[in-house]
Every structure is written in structure tokens, then in C-alpha cells.
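Residue numbers (full-length UniProt numbering), protein chains in the order written: chain L, 1 to 800; chain D, 1 to 800.
Treat the hints with caution; some may be incorrect.
Restricting the straight-line Cα-Cα distance to at most 25 Å, the calculated cross-link-like pairs of lysine-lysine (BS3-like) are [what the hints assert, rightly or not]: (1) K536/D to K536/L; (2) K289/D to K497/L; (3) K747/D to K439/L; (4) K602/L to K647/L; (5) K593/L to K747/D; (6) K415/L to K439/L; (7) K536/L to K747/D; (8) K497/L to K536/L; (9) K439/D to K352/D; (10) K577/L to K493/D; (11) K577/D to K747/L.
Don't read these hints as lab results, they were simulated from the structure.
2 protein chains.
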Amino acid sequence: MLSNHLQNGMETAKLVWSRLPNSEDGEMDDVGVSKKNDGTSVESLDYEVIENYAYREEQAQRGKLLFGYYVGVKWFFALLIGIGTGLAAVFINISVENFAGWKFELTFSIIQKSYFAGFIVYVLINLVLVLSSVYIVTQFAPAAAGSGIPEIKGYLNGVDTPGILLFRTLIGKILGSIGSVGGGLALGKEGPLVHTGACIASLLGQGGSTKYHLSSRWLQVFKSDRDRRDLVTCGCAAGVAAAFRAPVGGVLFALEEVTSWWRSQLMWRVFFTSAIVAVVVRTAMGWCKSRKCGHFGSGGFIIWDISDGQEDYSFEELLPMAVIGVIGGLLGALFNQLTLYITYWRRNYLHKRGNRVKIIEVCIVSMITSFISFGLPLLRKCSPCPESELNSGIECPQAPGMYGNYVNFYCSTDKEYNDLATIFFNTQDDAIRNLFSAKTVHEYSAQSLLTFLVMFYTLAVVTFGTAVPAGQFVPGIMIGSTYGRLVGMFVVKFYNKRNIEEGTYALLGAASFLGGSMRMTVSLCVIMVEITNNLKLLPLIMLVLLISKAVGDAFNEGLYEEQARLRGIPLLESRPKYQMRTMTAKEACGNQKVVAFPRVVKVADVVSILRSNEHNGFPVIDHTRTGETLVIGLMLRSHLLVLLQSKVDFQHSPLPSEPMRPLNSRHNFSEFVKPVSSKGISINDIHLSSDDLEMYIDLGPFLNPSPYVVPEDMSLTKVYNLFRQLGLRHIFVVPRASRVIGLITRKDLLIEDNEDSATVELQSTSVSAQQRNRRVLRRNADAERPLLNGLVAHDDHSSG
Amino acid sequence: MLSNHLQNGMETAKLVWSRLPNSEDGEMDDVGVSKKNDGTSVESLDYEVIENYAYREEQAQRGKLLFGYYVGVKWFFALLIGIGTGLAAVFINISVENFAGWKFELTFSIIQKSYFAGFIVYVLINLVLVLSSVYIVTQFAPAAAGSGIPEIKGYLNGVDTPGILLFRTLIGKILGSIGSVGGGLALGKEGPLVHTGACIASLLGQGGSTKYHLSSRWLQVFKSDRDRRDLVTCGCAAGVAAAFRAPVGGVLFALEEVTSWWRSQLMWRVFFTSAIVAVVVRTAMGWCKSRKCGHFGSGGFIIWDISDGQEDYSFEELLPMAVIGVIGGLLGALFNQLTLYITYWRRNYLHKRGNRVKIIEVCIVSMITSFISFGLPLLRKCSPCPESELNSGIECPQAPGMYGNYVNFYCSTDKEYNDLATIFFNTQDDAIRNLFSAKTVHEYSAQSLLTFLVMFYTLAVVTFGTAVPAGQFVPGIMIGSTYGRLVGMFVVKFYNKRNIEEGTYALLGAASFLGGSMRMTVSLCVIMVEITNNLKLLPLIMLVLLISKAVGDAFNEGLYEEQARLRGIPLLESRPKYQMRTMTAKEACGNQKVVAFPRVVKVADVVSILRSNEHNGFPVIDHTRTGETLVIGLMLRSHLLVLLQSKVDFQHSPLPSEPMRPLNSRHNFSEFVKPVSSKGISINDIHLSSDDLEMYIDLGPFLNPSPYVVPEDMSLTKVYNLFRQLGLRHIFVVPRASRVIGLITRKDLLIEDNEDSATVELQSTSVSAQQRNRRVLRRNADAERPLLNGLVAHDDHSSG
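In isolation and in its complexed conformation, chain L is listed as follows:
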């Protein structure tokens, strides 16, 4: 039978391939697949087998040393990411605290004389800070706007948004969030810190920024996309760990929210990065004690310690807590929906008119925010200080310009405080601390809290999507803790128990709103516990989160997913769609025409094919001597473009080439790596002479020899799982096989390794694998028989 004949031929065919840094291709362990060169011919050439084994042994030894080196480099990079992100967080925090502290100090000192002058100064300072932020972002780093988490999620899912991980974005993000947070907008610095961590990680991963001549050759270690993605995952965790001083929360955030492919070895490294961040931040804060860093130190990192909060809860309290969960789900879902509409409108109408509109928009938002946060407390009557609280160590009123509860603002006497000013005319961190505070029953009136809730919710919705770096964590906590405290006030009134703390309800409210908006569960829970330093509330936080997420899920998707969809980032969810059950692989391909290359292809054909379509991968199909066709691999567009650009592989002969010079002398393998966040080469960038167009390229050494394949009638659900779980970019849909050569089961894969390579990470081998392959190629070039030649043509002589 012909087809059998063909496959027998295939078994004897000698295949040599080199693996290129498969930057466009997310396939794990794709790199470093070196095929040994013995088929049926093994039996006739025993000495070659022996030599081959000795050679492989030696290869393995050297490979392992390299492995060790790369594992070491990975850990070193994790250390650097931790230190870098920690320092960035400290820098942002010190700057924000100093700007804000100085602003409030100045304003308070002026309003002792004139409230109007103070107001003007307050508005102006905010405006200048926000203006600096929006200016940097619009002029210098447009990708730094927003929280960045949807884009990072997309990157880790396999979608590279241009510009998102550049050096300029990093700088824009850091400076921009100082301005926007310092300027008192209703946004946080935590989301941007996650983005910052990811940028630092990505820049380290590609060895610095080439554009600003900050790159270093020896840092360019990681050529595979997977290694870089792992680093970015570490960066995200470091960002959360730094933002909330929540190392475990950071690990879980990276696991639950951002990453798409997770491996246990990665968890271990992410954990290390987070621990480093915790140490760095702690060291910096220790150094900043005793006012070395200006205003930083009294407020600073968000740690709202409520360990002196409620000790115990009774069963009847579970009902109001469930109510908080429901409110959180509803308000969170509403927040997602409103921001979705507003962002949609902004993208399609407002922001199309250019940067000037963006700047004006942010300035207007800033002025409105200043008006409301200064003006509303003015309208509010002051309350007299509670007398019983004097012995609890909480002063009333606070000294002007200091942080704490009971702010005296526009009050007639000294023994009064303005409850609205306590939360409104303050930095958000301090406002949250005040809302969470225990032992301050009846500090706020329901009216003030309601006013604040409505106003701040509106501000948060309006501010979302403006052209400044903006996180949603802290605004979410603000909103949530306000209604949480409101519920808490009713509980105190209704149940009339002394041990109920309003601050605890505020915390639960914060958790519920974040749960209802971001739909995280475990990581959010741990973050809330870590920032409040109160483990006893864990089951309550869990309960509230479960309810709010369930309620929110009934309405729409999570904030990040909605935003990612809006931004056109096609996230592949972890589970297949419902419809896929009734579809087959072939149906998913639709009527697309498969454009295949032969092994040796004319340059003119390559150019015309690349021009005529936008496919990123092409099957390579060759003919055996008997005329049968055989799929020999996958060629990536990006690699083809590199080959066209470099021209060194052009040849005159339309026959498979014998590599006269080893491949690595012709190519620096890092050419094939597409830099992160760039668009790569386009076919239009390539200019070839008419002589060039008449030449040929042998694609044999450059193709991916075994992409994953599925039979044409496989259910699309299965195909989806294959694609998603392995992080693939291309799957070939092929006809059903005519025979089964073997079955692989668990026992076939349980190979005992005699050499103890347990500590070696297999995924870390992009470069080492290349080097091995180079050696393989060199060796092959030395060999008498031209092995590359036999890529498909089956060699009857050697097998016979």
C-alpha cells in the first residue's frame, strides 16, 4: 500500500532540524528538541549508534551545566525584580506622601486665615500635579495610561499589546502615578505598581531597553517567550507584594488573576520574588523612620492595621454581612458596567480628538474632584468631639495637617470635628484608615457617609479611563468601606452590642466591593487579611467575597476582563465556549485556504505569499521520491521575514542545501527573537533586488518540525483545551491517520532518570538548547553524508 510505503520511508528518513528562538510561538519546550539521527539505519551501523550515545552523554553533561547556569540566572533575575519593584514602590510612596503631605500642610496653614485662598491653593496644587501626570503620559508614554493589568493579563495570555512593556512606559507609569495619586484623583497607585513590576521584569528579561541604549549584552539571556513570560509573572506578584505589602497575596494574585499558564516551579520563584520585595520595603520603611523621608512614614504604605478590631462575631451578624456581600456584588457589577460604557465612549469619541482633549479632560476631572473634596465638607456642620474617647489614645481634633481621625475643618470651636472632611479632605490611604478604625463608634453620621459614597463612586467612575495611570484597588476599598461602615452603623444601632466594631464592617464592605468588581477570591481574601493584619476575620471575608462575586457574576464579567475585551485584547479563557461542543476542528478553520510552502522555496514566492495574506504560520510540505506528500513542519512568518531580511540563506539551487558553513556562523540566533511590545518586521520593510527574488531558500533548518496536530473531526472543545492548556499558537488540522504506530500511556512516560536532574529546570533552555543544536549541526556538516539532504527523500540504500 502506497501510504504505508511512504511512512516506512519516513521512518528511515534522516531529519535534522535546528530550533530557533520561537518568539512568536508560545509552545512550551519547543526549544531544544534535537532529533537523534538514527532510524532503521541504526541496525546496520552499530558503531554510529555507540558514538551517538557517547556523544549524547557528553551533550547531556554540558547541557546540564548550562541548565544550572540558566536556573541560577533566573533566580538572580527574580532577586533583581524583587529589589527593583520594591524600590520603585518605595519611591512612588515617598513621593506621593510628600507631595500630598506638603499639599495638605500648606492648605491647612492657609485656611487658618482664609478658606477661599486655601481652596484656590488646594485646587491649583492638585491641578499642577495631575497636569504633570497627564502630560508625561500623553506626550511620552501613552501606554502608561490606565491600570495596565488588563494588558499584562493579555500579555501573559499570549497577546502582546504594543508599547505596554517598554522602558518609557515604565518611567511614565512611575512618574504619572505620583502625579495622579498625589493630585488627589479618585484612583490608586496599586494597579500601576503591578504594571511597573511587570515592566521591570520584562526589561530585565530582554536585557534592558535597546532604544535608550540601556541594554546589556550579558543580560540578554532569555530568548524564549516562555521565560520572559515567567519573569513578567514574577513582576506582577512583586507589584502586588509591594503595593499592599502582601507577599502571599502577590503570589496568589499572579496565580489567580494574571497568569494563564502556571507551573509549580514558577510558584516557587514567584514566592521568592515576593519575599524579596517584602524585605526591601521593610528595610526602606525602617530607614525612613524618624522622618528621614519627610512626610513618608506616618502614612505611607497601605497597611490598615485593625488587629485591635472586632474579636468575635455572633451568628446574627452573618445576615448584615451577607447584605454587605450583596451590595458589593451589585455596586461592583454596576461599576464595571458604567466604566465599560464610559471607556467605550471615551475611546470612540473623546480620545480620538487627540492629546489636547485628553489633557483638558483630566484637568476638568481634577478640578471637579478638588471642588467636591474641599467644598462638600464646608457644607457639613461640625460635630462635637466625643468625650469618652480621650482615653483611647485618639486625639480629637487632630492637629491640622496631621493624619488621623477627627479632622477639624471649618468648625466654629476647637473641640469639634468635621466627619466629612475626615474622609474627604485627606489622602485616600488615611481616609481608609479612618474608615477602618475601631473604637470610634458614631464618628461618622450616616448622612456624611452616604454623601461621600455617592460622590466618590461618581468620581471613581468618571476618573476611570482618563489618560493617567490609575489603579482601582484603593478607590474600590474607599467605596466599599463607606457602605460597609454604613451597614455597621445600623448593626450597632439595631443589635445594640458593644463588641461590634463599625471598622470591621468597613473592611468587609471593602472586600465585597473589590470582589464584586474584580471577581478575585483567594488572592483578594489574602490581600485583605494581609493589609489589615487580622486573621480572625478570614472566614467572614471569605463569606462576603463569595456572595459578592456570585452576585456580580450574575450581571457581567470582571473589571479586567471587560476592559481587556474593550481594548481588543482577545483573552483565551481557561474553559472552552459552550458552542464548541458541537463543532469540529475542521469547522473552526472554516473555509480558510491553507497556504503551504515546499521545503525549498523561491524567494519571489515567499514574498508574494507573505504579501497576499496575514497568516503567521505556514505548513511546509515536501514530496518524497515516490511522489507522496508529507507535512514536514511549521514555518513562522516572523522567521521567514528574518530570513528574507538577512539574505544569507539564499541559494541558487532549488535543491535542499548542504550546509557548507554551520548555521550559527550565518545567523546570530537572537535575530529571530521579536522584542517584546514591538511590532516586529513587516513584509513592507523588506526590499529585495530582482536577483534576490530569483534565488531559493531551504526552509529545512528553520522550521518547527513537529507542531501539534489534531484530526479534522476532533471536537473543538478538545482542540481548545489542547491549544489553551499548552499555550499554543498554531495547530495543524490533518486527516485521520490510517494506522497507529504505537500507544503512549503513563508507563511509557515514567522514565527513571539515573542521573539526578531533579533540580534542573527543563524549561530554561532556550540558549543552551541552541548551542547544542549548533553543535549537532556542526557535527552533521562534518559528517560524510549530507544529512539535511535526506530530510524527506527516504534512503532505501541505508535501510536495505
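Given the coordinates of chain L, assemble chain D onto it according to the supplied hints.
Showing chain D alone in chain L's frame:
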């Protein structure tokens, strides 16, 4: 070309298959793949397409309702698992605390008169308790011995150890661990609780235990292996959550340590289960307050609150902490190695001699333990009570039989205490509490701690692997906190600072030993934080864990992995072995002969093939009318055995059958489900008459029509990833394809679902999918053309 012709034929072939509950096959979403019945014939039969779409629409509607139902059931089961595991934990704890409390009370009251009589009573009580445990385990539930975590890990990895999840194992585990822990052996009740949770989950998953007539029809909802595995994962998390009152730790333990395939939807449910456990345990403990539950309440659940511990740490303390990490790594690795040797020896020499030897062994171990824990403190001189501690609320000495520090044991005066008795002559929970205790500087002498360390380490190693339920958490914490406290004592002496607490070092020591032995990182870290209720120590625990795990990894694998290997549980690690890089799929199959079935097969052939080999899966290969062969699917041995046993599918004709009766009237689909932890049917259980042997079976409706395939020359690393990531059981190795029908890329998989099915879990459809398939079959049976007939034979008439 012939092969092309064949594949074109294939495209027009009508395929109908029913999906059976694929109990042996771990493939996700394998169930419910209903292939629509239009190939090329679609174009000629438009009305059929329309009808088909309407039908599919209706199917989708009904399917979604069912989905909703099953999702609801899953959550209800998670609730039940949480409640069940929580109650089991409470029961175990109440029992252990009461037995142990009663034991110590009695002993203390006797030793007031005679130390010798007290000793005898103490030894006897321990012996009786331990004897009851080992008797239950050896006679009734042999699978309940040990911690059970390696077996559960194996189950979740895809290896079903017989007996591990049965009802009798559950009972044996609960009662056995009460006896062994109450009897004072050097083992813990935490590992067994994880196993208990898993058993509860598994029994719920298969609707109770059939053997004990405890099964309920309406509970038998989950027929797919994956759903059951998900439940067991929930059970593991619940076990940890209950054992340590660490809900987040439980989730992370399930994630990091036991589960092999993880999905984010599962995390959400596991989280819920843990929260339920926390609430149940808390409620029970609240109810047990004021001595309602006897001795339980004062000791009970391990929560060693050291929130009054060390507030701060200085940089010079990092060195001794690193030393603790190194010690932990070394001692942990040594522990793994020693237990490995001892278990190996036990399995191969001792335990082969039957249950009597096992019982005698445990009794000897129990007596040695009693001797040492009673005798050693006798040899130790008492120390005078510290005077300065009187105002710290810690009594010295404790009243006899009470829990706490400063146990007065064999002391000459009342104002003295015996430091060795404080940790040795006590329950382990209290001993740990005493070791962790702050504000008790110089309570222990270095000599006592060293004695205890050596003795307890030896006891723990010897006790490990005896035929009683045994956890390694608490012994590990004991060992670790002893040397941790030792280091802490030196630090106090050397640095001479007042704010250094020995208890904090004890905690770090405990973390380091567990890290060095079990090699968990994130989950262990969270568990330690949750049980000590001190978040400030998090970075330190992280640091110590990192060091101890790294040191331990340099020597051997983690405790559970080593034990799993020893027990012959072939765990597939998450990363491929080093050697696989140079191997191909074909090489992995080796020289195995592939035994294939034709579509319609003679019963005698099936029997002889099943007898002649032990393969669990067989390719089914059919011939087209043109004589070409085509792989049409995978048939599982277990399904073949069910078919042979039921005989209803036997037919006289060697041609593909037309289903005269719909498949579901012939088969109850739950027949095909292999019960968990059983061996299933064997070929030797099947008895067929010679008439039966002459009949035929049409395998068409029972095969898995599209198993995953790989080309023969694909790198084994890639194959491994496919196998491991998707949790497969069988992969077909096939020849390279001759052509590519299409390429699937990300955009082909981004199908927008118009209907909002976001809240529907796709994995939960074993039964609903079956029902749909039944309907499909019924419909096909009603149709005029016999579709099953056309499974392979391509229909030229309809396409022409």
C-alpha cells in the same frame, strides 16, 4: 492519490458515536462530544441542516438548564464536604483531647502517690489506645494506615490505589487516628484528616458506599472521573482547613501539593469548601466552650497563637534564621531518607509476615514511646520556677493535669518544674504551644531540648510507616520547634537583646523542618501564619522555607513524593524528564505491538486479545470500501469488559449494526463507570458460552472517536506536556500527515457566545451530555438512513 481519496471519503463519512462515562480516561471534556452529522452531504440536503440547527438550538437550551442543575449540585456537594469534614475534625479532636486529658489526669493523680503505679497506668492506657487503632486498621481498613496524602496525590494525578477512598477506610482513618494520637505516638492527626476529607468527598461523589448499602440513587450524579477528582480536591482542602483551622492554607495545599490539574473555577469552589469548614469548626468550638465537651476546648485544635510574640527583627537576626533554614533542610532531607529506608524494609520484610507482626510492632513502638516520654523526665532534675514571670499570667508550676507551661513532675518542692516533662509528658499540641510560647525565656535548658530533639526525632522516624493512621505535620513541628528554640536560646544569649523571643525561633524552626521534609512553600507558609496568627513573621517564614526547601532539594525528593514512589504510585511530575528531549514519541512506545480491533469484532477475538495482554486501550481501525484503513477511535478495556459482561450488544452479523433499540434502553450508562478505589471487572470474571464467542460486537457506538494523536517523530518532551497537561491516559502515535486541512490559531477559537453562558461550567456535564447523546441516538434511530452504518464506508451517492 489513494490516501487523498481516502480522506475525502472520510469527510463524507457519517460518524455517530455515543460517549460513555470515560471513567478510566482522564481526558477533560471527553464526555459529551456530539458530532453533528453533516459532511459534504450538507450541501445537497439543506433541509437537514436547518432542522439540525433548530435541533441543536433546542439541545443547547435544555443542556443549559441541566448545566445549571449540575453546577448547583456541585456547590451543594462542596457544602456537604465542608460540613462533613468539619464535623469529622471536631469529632476526632474532641475524642483525642478527652482520651489524652483523661489519661494525663489519671496519671497525675496516681503519681501523687506512686510514680511506678502511675507509669504502669500510663503505659497501659497508651497501649490500649494504640492497640485499638492498629486493630481497626489491620483487620478492617488496611488502606487507612499512614498519612494517605501520597495516595491522594496519586489519585489526583490519575493513579487509583485500591481501597484508598472506601467507606471502611474513612471509618478506619477516623477511629484509628483517635487511637494512635490519643495513645501518644509520635505522629499527628493532620495528614489523616486530609485523607478523611478526601474520603468524604469521594463517597459523596459516587453517591455513598454501595457495599454498606449507604448509597443513594439521587446522589449518583457525577459519572466523570474529572468531577470526582474535583470533589476530592475540595476534600483535601477541607481536611487541611479543618486540621489547622487554616482555610487559605487549605486551598493552597490543595493547589500546590495534591492536585495535578487545576482550573480557576475549581479554586473558587475549593475556597468555598474551606470557608464552610472554618465556620463549622468555629461553631463547634463555640458550642464546646465552658467545658461542654469535656477536656476539649482548653487544648483542642492546633492554634498556637503567638500574636504576642516578637514584634520586630533586626538584620543581624537573619543569620541565625538562615542557620535554622539550613538545619531544617538537612534534618528534613535526612528524615525523608531514613523513613524511606525504614518503610522499604518494613514493606519488604516485616509487613509481609502478616497482621500479627504489624500489631506487635505497633505495640512495641507504643511502649518505647511511653517509656521514653515518662522515663526521661524522671531523670531530669527540676528547675526552680522563675520569679519574674508571676506577673505575666503564666502560672508556675501548673496545676497537675492542666495544660500549660511549667509542669511539675517528679520535683522535690512545689515551686519547681521539670522542663523536659513540660514538652515530653504532654500532648503534642500542648508541647508545641509551650515551645512556641513567648515571654518564657530560659524555661528550657539546652540539654533538655537536645535530649528531646534526638529522642523525638528517632521516635518519629521509627513510628513512621507503622500500621496506624499517621500524619507528619505535628511531629515535624515538634522537631523543628525544638531546634528552633535551641537556636533562639543561643541568639538570646549571644545578641543579648530583650525583644528576641525564643518562641519565634521555635516557629521558624517548625517551618524549616516542614519545608525541608515536605518541600511545600506557599501553602506551608500560609498554614504557619494561620496557625500562629502572626502575619508579621511572614517574610521570615518565607525566607526560612526558601532556604530549607533548597537545601532539602539538594539531597532528595519531598516526603510525599518519596513515599509515593516507594508505594509504587507512578506520579507524573509536572515537568518532563531531561532525557525526553532526545527521544521521540515512537521511541517511547518501544517495540510494543499495537493490538488493534476492527470496528465489528468477533467476541472470541475480543476475549483472546484481552487475555493475551494487559493493555487498557486499543485502537479501532476500519476499512473503507476502497480498502484503505482508517483509525476510527480508541476502545477502552474496561468498556469492552462491560460489553462482554452485559452481552446485550452481541449480534450475529459481522456488519455494523443498525441500532434497532436505542442504546440507552440496552445500557444503563453508569455500568461503564468504574467505582473509585475498586479494581473493576477482570477478564477472568467473564464467562461466555461457545455460542456467545461466535457472535460479534459493533464497537462503533462505544469508542472514543477522537483520542489525541501525535506524529511518530515528535519530541517526547512535547508528548509529555500534552499527556500531563491535559491529564490523558492514551495518546496514539501515528505517521506524519500527508497534508494539512487547516490551521487553528487564536482567532479561530475566539467564538463570541451570544447567549450568556458565562456562569455555566462546561466540565460538569457528564450526565447531561449523555442524555443529549441518548437523544441524538434516538433521533438517529428514527431517521430513515442508518447513520451508524455509514461510520466509515463513505457514501459516494450523497456527495456526488
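Inset, instruction - Would you list, in rising numerical order, the hints stated earlier that this structure does not obey? - result: 3, 7, 9, 10
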